[in-house]
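> Can you make the complete structure from the sequences, with help from the hints?
Counting from 1043, one number per residue, gives the positions in the sequence shown under the numbering used here.
No lab work stands behind these hints: they were computed from the structure.
As the structure is a prediction and not an experimental result, all values here were calculated from the model.
Using N, Cα and C, we set each Cβ at its ideal position, and we do this for glycine too.
Fair warning: there could be bad hints in the mix.
Unchecked claim - Calculated lysine-lysine pairs in the DSSO-like style (CA-CA distance at most 27 Å, straight line):
(1) K1190 to K1260
(2) K1191 to K1149
(3) K1120 to K1149
To be verified - Restraint-style ranges between C-beta atoms, simulated for each label pair:
(4) M1254 to K1203: 18 to 28 Å
(5) F1183 to P1097: 29 to 39 Å
(6) E1121 to I1279: 51 to 61 Å
(7) L1127 to F1183: 27 to 37 Å
(8) N1095 to N1248: 23 to 33 Å
(9) T1217 to T1062: 18 to 28 Å
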Amino acid sequence: MESNRGSIHLIPVPLSGSDTGYLAKEAIEVAQNINHFMVENAKSARNFLKSINHPIPLQQIEVETISENNKQNWLWVKEKAKLGLNVGILSEAGLPAVADPGSEIIKSAHFDGYKVVTHSGPNSMIMALMASGMNGQRFTFHGYLPAKKEELREKLISIIKNMAKSDYTNIFMETPYRNKQVLEMLINNVPQHFLLSLSNNLHTANEVNICMSIQKWKLQDINKYINAPTIFCLSKI
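Laid out in structure tokens, this is it:
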């Protein structure tokens, strides 16, 4: 790697609804010294930069949104880094490139010999796994489950069949407005002795982490667990 090249910095941002108090001081300081960012969402990125009191006026900070054209994304980042400028990668919430865009840019950076630097921050998937009490040695993250009911049911059936052959924890996420559909589908299709853990509003005053058998979930008022960013963990007892 050429010493005069800029580096690619993976900058954490707060989870939805939380604040910068959950971020490492080092990560904030690095972000304050970067003026070029490739981001998942320009509006949320500028809000984050404002919240950390970035010393440069927002209109002078260059923010480029990640597109579906990875070649174009990497050329933008590479152009800055070749000039010796550091570039920050930001997702809308949590860590970039983990259940969020950015991994292809990072792969290109490695292929072209540019330095990639990580910075500590929150990750809802790992936090939910921590709080679940389930197997933290072997787990699978499925990302978002299918939105259509029949496809969702088929996906859950596939997960359940695979669980019969392993002790992996299965982790998935959903957008708030589909939480009720997912919970109902889980309760109606997963064997009653399986464990389901739900974590929502992580890193906020309203954080909820609850784990119980499907049998017990059937007795719950699930309406109080919806309409919030949620991570689900599923396992055998």
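> Could you tell me which of the numbered hints above are not met by this structure, giving the numbers in increasing order?
2
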